[in-house]
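Novice: The residues making up each chain are set out below.
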Amino acid sequence: MVPTDLRYTKDHEWVRVEGDAATIGITAYAADQLGDIVFVELPDPGRWLDQSAAFGVVESVKAVSDLFAPVSGDVTEANPDLGRNPELVNSDPYGAGWMIKVRVGDQAQVDGLLDAEAYDALIAAG
Amino acid sequence: MTDAVDLPVHLTPLTEAHRELGARLIEFGGWLMPVQYGSIIEEHRTVRERVGLFDLSHMGELYVEGPEAGQALNRALVSEPSALAIGRAQYSMICAADGGVIDDLIVYRLAETRFLVVANASNASVVSDALVERLDGFRAVLDDRSLATGLLAVQGPRSVEVLSPLTDIDLGALRYYAAEEGAVAGIPAVVARTGYTGEDGFEVFVDTDHTEALWDALLEAVRGAGGGPIGLGARDTLRLEAGMPLYGNELDRRTNPYEAGLGRVVKLGKEGDFVGRAALEKVARDGPARRLVGLIVEGRGIARHGHPVWSGDRRMGVVTSGTQSPTLGVPIAMAYVAPGDAEPGTVVDVEIRDARVPARVVALPFYRRDA
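One line per chain: the protein sequences are A and B, in this order.
Terminal number for the first sequence in this note's numbering: 126, no gaps in between.
Terminal number for the second sequence in this note's numbering: 371, no gaps in between.
Calculated from the structure, these hints are not laboratory results.
From a predicted model like this one, the values you see are computed outputs, not experimental measurements.
Possibly wrong hints are sitting among the right ones.
[Stated by the list, open to error] To spell it out: a stretch of chain B is covered by chain A in this simulated footprint if at least three of its residues, at any positions, have a beta carbon under 8 Å from a beta carbon of chain A; those stretches are:
(1) 35-41
(2) 295-306
[As the list claims (entries may be wrong)] Residues on chain B that point at chain A, a partial pick, calculated with CB under 8 Å:
(3) Gly-233
(4) Thr-237
(5) Thr-323
(6) Arg-353
Cβ atoms here follow ideal geometry from the backbone N, Cα and C, with glycine treated the same way.
Bound conformation, chain A alone:
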């Protein structure tokens, strides 16, 4: 079971919402599918993200994948540790491997995300 306090997208991002602040990363399932992550490219703080827009890139040894914004908002922080230690996304996807924080523009978008049960069902279906 994935963490129950997070919300999810069908593109395998997770969102932790605290007030109007949202922390965003990719799920353990996504990290495992990608394999060893060797490079993460993230936006600079201050950039506005539209919901579903590509905001960065995660690369494993074999593959390159886009990251999509689960919700619209202003980027307030990008995880500075992933430049030097991108493998944190594999080892601790819901913790030290977080990617960006945004100030949520529209709370209704959060309510539209998948809950843990729905996301579990999604990955179980492959």
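Fit chain B to the supplied structure of chain A, relying on the hints for placement.
Specialist: Chain B only, in chain A's frame:
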């Protein structure tokens, strides 16, 4: 998108064994193959530091036999197989009349009149057809045993330690690019000291019927030496660090051997005509229009197959392969560039998504094992 499940895909004798080991299987060259059993980086390090076992049963095994087999291969390939001593091997290529590479190969001379040509899986049937055509007029025949032959590779510094107790072949006397017929774990096999990893190691050819028994015996021995099974993902990063070309990336029909830095393989001095001679003589005389180089990316990002290479404001090349090097810890790539930009130390830009990222030309290989 094409649904891979609907394609006719060959299975090696080990598909079930790979599944039981937790492998992720992908279609590669018309075969269902293990890309990784766990972490690609861990598998890469296992081969560099200890030893790994590979299923390479997708490769094509083409036997050429007959009193004129050597001459026929001289005519068909760019190298000179007739000059091989019995039990020795050479890296070779089969080219089209325009000098373009149809496939890169290893040719083993197993007996005076018997050669084994090993082709890439994706090209095996094309090479097989071309050889049949090119053997015409010679007293030589082709026996395509690709589907009847398994191929396992033991690669890494502990390869001798792993294989020696299992075979009657004197591995200490078996030189690099040499091969010998014998038994491994009691199974008749051809053992060759060749590989695609940049490490010492062996490739073991065996009948399909015995492939699984051989895999089981070798896996146990490899595990005893701290190793394990290795997928095609790590095979790719290992060969890239070793500066070895991959057909479809560094080599294709629009590329000639000289561009790829493999002019030494083309034996223009051999007697008689061979397919591609006139075109290749011209390239050798005029110099290639582009050159394959190594790149180390010095900015942020990983260069990948297909990324454009820029020299100033001129787009003058393309990345053929690229990854984060597990051994060096930096992004490495191979790329075709203009001859004027091929000198080590030259700085070019790789276009990675929308950014120009500086990269330095370096001599290949990126990694060389301690002798």
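Novice: Run through the hints listed earlier and report the numbers of any the structure violates, in increasing order.
Specialist: Per hint list: zero violations.
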